[in-house]
Each structure stands twice: as structure tokens, then as C-alpha cells.
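Chemist: Now for the letters of each chain:
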Amino acid sequence: MRKFISMAVALTAGLVLAAGAPVAHAAEKLKIGFIYVGPVGDFGWSYQHDQGRKAVEKEFGDKVETTFVENVQEGPDAERVIEQLVRAGNTLIFTTSFGFMEPTLKVAKRHPKVMFEHATGYKREKNVATYNAKFHEGRYILGQIAAKVSKTGTVGYIASVPIPEVIAGIDSFMLGAQSVNPNLKIKIVWVNGWFDPAKEADAAKALIDQGADVIAQHTDSPAAMQAAEARGVKAFGQSSNMITFGPKAQLTSIVDNWAPYYIERVKLALDGKWTSTDTWGGLKDGEVQMAPYTNMPDDVKKMAEDTEEAIKSGKLHPFKGPIYKQDGTLVVKEGEVLADKDILSLNWYVKGIDDKVPGQ
Amino acid sequence: MPEFTILGAVLASIVAAATPLLLAALGELVAERGGTLNLGVEGMMIVGAAVGYATAYGSGSLLLGTAAAVAAGVLLSLVFAGLAIWLAANQVASGLATTILGLGIAGLIGSPFVGTRLDAAPTLHIPGLTSLPVIGEMVFGQDAFVYASLVLLAAVGYGLARTRAGLVLRAVGESHAAAHALGHPVRRIRTLAVMFGGACAGLAGAHLSLAYTPFWASDMTAGRGWIALALVVFSAWKPLWLLAGAYLFGAVSILQLHVQGFGLGIPAQFLSALPYLATVIALVIISLLKRGQGAPASLGMPFIPDR
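The listed protein sequences correspond, in order, to chains C and E. Counting from 1, one number per residue, gives the positions in the first sequence under the numbering used here. Counting from 1, one number per residue, gives the positions in the second sequence under the numbering used here.
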């Protein structure tokens with residue numbers, strides 16, 4: 001009899017192992033790992049992902065246990081860190097930067113039972129899902145506001161590194177601006193990095209000295225906002241609501257909000273219904289949020305809110321035709337929109353930007 | 001006259017951008033003239049930035065924050081001195097360890113302050129003088145850190161060249177055995193020089209987190225400590241050359257932003273590399289001009305007194 005019991009136990013255990021489905025047992029905690037490319041204290045990209053992690057903890061309480069590793073270099077080091085998270089028993093792992101794509105896939109191959117979520121990438125596997133946010137939707141609204149608010153007719157744009165997401169952001173900003181004032185001029189300064197507050201402040205000052213009276217940024221620190229506040233011009237925040245840093249300067253801010261997505265995915269994992277998907281949420285899904293519209297006249301605020309509504313309802317697409325490249329070629333015809341895959345690989349400026357994409 | 005206004009603003013930005021580099025490099029120059037290579041500048045700087053911000057935020061006093069930043073820089077430099085000078089450990093390894101330790105400690109100290117801000121240290125306006133065209137803003141519209149960096153530079157220049165203490169320090173850096181034979185306490189003198197380096201690095205950190213971008217963010221020094229180290233070599237260990245190097249570096253980094261803003265179509269990646277390129281070229285020219293007048297002879301060598 002005893003033999004039978006031990007055999008039964010072994011069999012059951014074997015079955016569970018063989019089935020190996022990523023099902024979390026009700027009694028067990030789901031262990032979730034996060035890796036960040038920057039410090040959680042950047043008040044930008046990694047900070048917002050960490051806010052998402054905290055939201056998951058709050059939502060599910062003691063049903064989950066989360067761990068994070070910050071400041072992880074993109075590349076081989078990332079593979080080691082992800083592997084460690086797996087060995088520590090995490091069965092759902094969020095890797096939150098583009099450069100973690102290959103390391104995530106490698107580790108995922110070795111551990112088919114662990115669920116992976118990779119942010120901003122495009123390669124998926126059965127156990128690797130991808131997710132991203134349509135930040136360019138918010139940038140269209142910024143462009144419209146900038147065109148209305150600017151008195152000098154020149155806006156400054158601090159860009160990080162010339163990857164499609166950043167270039168698409170500039171284009172979307174400009175298309176929004178041109179829908180209000182076709183003659184608005186944009187000055188673009190690249191700082192070639194995501195995080196160097198003093199350099200970002202220098203870039204903002206340089207743009208203001210050259211006559212820009214509205215500053216937009218695609219870098220992660222509030223330095224540019226603070227510089228704008230000190231010089232008495234207007235600015236847009238990035239990643240987080242930066243109103244504390246520019247109470248008189250901030251017009252609005254594009255806020256990354258990963259919480260709804262993270263909560264949804266964790267819930268699916270807890271219910272055993274997790275599958276690999278590709279999610280690209282925007283304003284409608286709440287992944288991209290606009291900080292309150294401040295420091296602008298009521299009619300501008302109204303316009304911004306209307307545009308936000310129109311994008312949410314699908315009535316307005318930032319990349320709707322006609323769209324011309326700088327050399328005048330028509331890329332998107334009247335009545336059509338730029339396909340998602342083309343936005344994700346965008347590497348050209350729209351007509352009206354008086355500058356060159358770096359390296360082209 | 002808009003051209004004048006923009007020129008003045010550009011010059012003012014250059015001086016401001018060069019100041020943290022000048023401060024940190026000045027301290028390292030003194031440490032190296034005494035024969036100790038401290039690669040922990042970045043770490044001491046970031047700890048200064050974090051402690052300075054935390055103290056100023058908590059107490060509401062920028063002066064207290066600055067003092068705390070200096071003290072924190074000194075404290076961390078003592079960790080380095082203990083390892084590299086008193087235990088005669090490898091200076092490169094000790095310095096790297098100091099930087100890594102500093103980045104970690106600073107992140108820990110700063111974490112409760114993420115997302116908060118301070119009012120920037122005020123710029124000192126002198127009625128009449130600040131409104132002078134072009135140079136008014138550059139010379140008379142800066143914050144106290146900028147003036148402090150210049151006063152310190154003058155003091156270090158004078159001290160090294162004209163005082164007995166400076167002479168002894170240089171002797172320790174050139175030949176610690178000879179200085180020891182003359183009865184000078186080599187390790188104590190080196191420790192003091194390293195502490196001065198720590199104080200200057202802490203002050204440079206405070207300039208960033210209290211005046212330049214008055215908030216706290218992890219890693220906000222973004223490699224400036226390493227540039228300061230390079231500037232010391234660039235200057236051939238001479239304070240006046242250091243001033244030239246820091247301001248050249250500041251000038252190229254500010255001007256490349258302006259060139260981009262004017263949209264001249266020069267690739268941004270090239271422009272971003274320009275400050276480093278300019279430094280390398282200047283380094284080559286200097287080493288060609290001043291052959292043989294290089295580093296202090298005992299630089300990087302630990303001293304173990306024979307009993």
C-alpha cells in the first residue's frame with residue numbers, strides 16, 4: 001500500500017512537471033521579476049516601470065511577490081541577470097528596455113515554462129510577449145499646443161538618440177504643429193543619450209538663447225523643464241508629470257502608465273490564461289496619459305482636450321495623410337494612415353523640418 | 001542687439017558648464033601632485049551631489065547643503081586614502097572601488113528625494129556690472145560656485161608654486177623616498193592632498209545638484225568625474241592649463257548644442273564626440289610641446305616606509 005502511495009505521488013508529480021503549464025497554484029505566490037535599464041531614481045523611464053510594479057503589488061497583495069534589478073547594462077550582462085531571476089523562481093519576467101530583446105529570447109529558449117514580457121521589442125516566442133506604448137499620439141497634441149502657445153514661432157526639441165521611436169515622435173509633434181500653424185519652425189538638438197541632466201539643461205538653455213519659447217523633450221530627466229521655468233518659457237514634461245519642476249512652465253506632460261498593462265498581464269498569469277501577445281496601447285488604453293493641461297489659455301486647453309478625445313475615439317490618427325517627406329515625396333495619401341509597422345521603423349523627417357536626421 | 005545678448009548668454013553657459021569639471025579636476029590635480037592617483041572622483045562627486053541635496057532639502061539651507069557635500073566628499077576620500085595610502089593597496093583598484101561604492105551610496109541616500117526639487121542657488125547680480133554687454137552676464141551673473149572655483153584655482157596655483165607647503169607636496173609627489181629621508185610625513189601629506197581632492201569633488205557635486213540642475217536623480221554626474229580626471233592629464237598637472245582645458249571642454253560642449261540648433265546639417269553624433277576629440281587633440285599637442293614635463297615621478301606608486 002505504501003508503495004502504491006509513493007508511486008501515485010511520483011506519478012502526480014511527474015504529470016505536473018510534464019504538463020508544466022505556467023499555472024500558478026492558488027496557494028502559491030506568483031513570483032514576478034523586473035529588470036530596468038536605468039536607476040529607479042531617474043524620475044523617467046525606469047521610474048515609471050517601477051511605478052507599474054508597485055501597482056501590481058498593491059492590486060494583488062500577497063498573491064504575488066515582485067523583485068527588480070535596476071541599472072542593468074543592455075547586452076550579455078542582461079542575460080546573466082534574467083537567468084538569475086529565473087533561477088530565483090520568478091515565473092513571469094518583465095524586461096523593460098529595447099536592448100534586452102536578444103538576452104530575453106535566449107533565456108526564454110532555455111526556460112520554456114517561464115513567461116517573459118519584453119518592452120518595445122518586436123521579436124516574440126511562445127513564451128515571450130511584447131508590449132509598447134504609442135507615445136507619438138501624445139506628441140501630436142504637444143505639437144498643436146506648441147504651435148498655439150509659441151509667440152516667437154520657434155519651438156525647441158531636445159532629442160535623445162536617433163531611433164525610430166524618437167524620430168516618429170518628432171514627426172508626430174510637427175504634424176500636430178502644422179495642423180495649427182504650417183509655418184512653425186522647430187530646432188532639434190540631440191544629446192545622444194537618455195540621461196545626462198546637466199547636458200539636457202544646457203541643451204534647453206541653448207535652444208532658448210536661440211529664440212525658442214516652447215521646449216519639448218524626449219529625454220528622461222526634469223532638467224529641461226527646470227531650465228525653462230528659470231528662463232520664463234514654456235515646456236513639456238516627459239515620462240512623468242513634471243509640474244513640480246515647472247509650476248509656471250509646464251504645459252502638459254506625456255506620462256508613461258504601465259500599471260493597467262502590468263495588472264492585466266499578471267491577472268492572466270494568475271488565472272493560467274497567459275499567452276504570448278503583442279500589445280501597443282495608446283491614449284485609449286490608458287498606457288499613455290496626458291498630465292493636466294496647465295499654463296495655457298482656455299481655448300488652447302479646449303483644443304488639446306478635443307484632440308485627445310479624437311485620438312482616443314479613433315477619429316484622428318496622428319499619421320493621417322497627406323504626409324510628405326522633406327524632399328516632397330508623398331508617403332501617405334489623403335485618406336490613408338501610416339501603418340503601425342512603418343511607424344515602428346520610421347527614419348525620415350516630414351516636410352517642414354529644416355534639419356537632417358543624424359547620420360543620414 | 002540680439003547678437004550681443006546671445007553671445008553673452010553662450011559665454012555664461014560655457015563658464016557654468018565648465019565649473020563642475022574645473023572644481024573636481026582641481027582637487028584631483030592636488031592629489032596627483034602629491035603622488036596619489038585617485039580614480040574615485042566620480043564616486044566622490046555623486047556622493048557630494050546626493051548628500052548636498054538631501055541636506056539642503058531637509059534643512060532648507062543651501063550653505064549647509066554645500067558644507068555637507070564637501071564633508072561627504074572628504075569622508076569618501078578617506079576610505080580611498082585608507083586603502084591606497086595606509087594599506088598600500090593598488091591605487092587604480094582602490095579608486096575604481098571608491099567610484100562604485102560612491103554611486104551605490106549616493107543612490108541609496110538620494111532615493112527618498114526622487115521627484116522633489118529645490119530652488120536653485122541664486123546667481124549673484126551686481127547692479128550695473130551684470131548688465132554690461134557680452135561679458136556682463138559671463139563674469140558677474142554666475143552663482144557662488146563659479147566664483148569659488150576661480151578663487152580655489154588661484155589659491156592652488158599660488159600654493160603649489162609659491163608656498164613651502166606646496167613645495168613639500170610636490171617633493172612628496174616627485175620622490176617620496178627623498179621626502180621621507182628629509183623627515184616629511186609622506187603618507188600624512190598624501191592623505192591631506194587626497195582629502196582636498198574629496199572636498200573639491202564634493203563641491204563639484206553640490207554645484208550640480210544645488211545650482212545647475214537643482215534636483216536629485218541617480219547617476220546625475222553622468223561621467224563628469226572621469227572627464228575631470230582626463231583634464232588633469234590634459235593640463236600636464238598645471239593649474240592654469242587646467243582652467244584652459246575645462247573652459248575649452250565647456251566651450252565645445254555648449255557650442256555643439258548651438259550648432260545643432262542652427263540646423264547646419266552636421267551629424268549630431270559627430271558634434272557630441274567633438275569635446276572629447278578636441279581634448280585628445282589638445283593632449284597630443286601639449287605632449288609634443290612639453291616633452292619630459294609630464295606626471296609627478298611617484299604618481300601611482302604606494303609608499304611603504306622602511307623601518
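Simulated from the structure, these hints should not be mistaken for laboratory data. This structure is a prediction, so every number in the text was calculated from the model and none was measured. In this text, a Cβ means the ideal position worked out from N, Cα and C, and glycines have one as well. Warning: the hint list may mix true and false statements.
[As the list claims (entries may be wrong)] Which stretches of chain C does chain E cover? Using the computed rule of at least three CB atoms under 8 Å from a CB of chain E, they are:
| hint | segment |
| --- | --- |
| 1 | 188–195 |
| 2 | 213–226 |
| 3 | 349–359 |
[Said to hold, decoys possible] Facing chain E, from chain C, some residues (calculated, C-beta under 7 Å):
| hint | residue |
| --- | --- |
| 4 | 62 |
| 5 | 65 |
| 6 | 69 |
| 7 | 205 |
| 8 | 206 |
| 9 | 247 |
| 10 | 317 |
| 11 | 321 |
| 12 | 322 |
Chemist: Mind listing which of the numbered hints don't hold for this structure, in increasing order?
Modeler: 4, 5, 6, 9, 10, 11, 12
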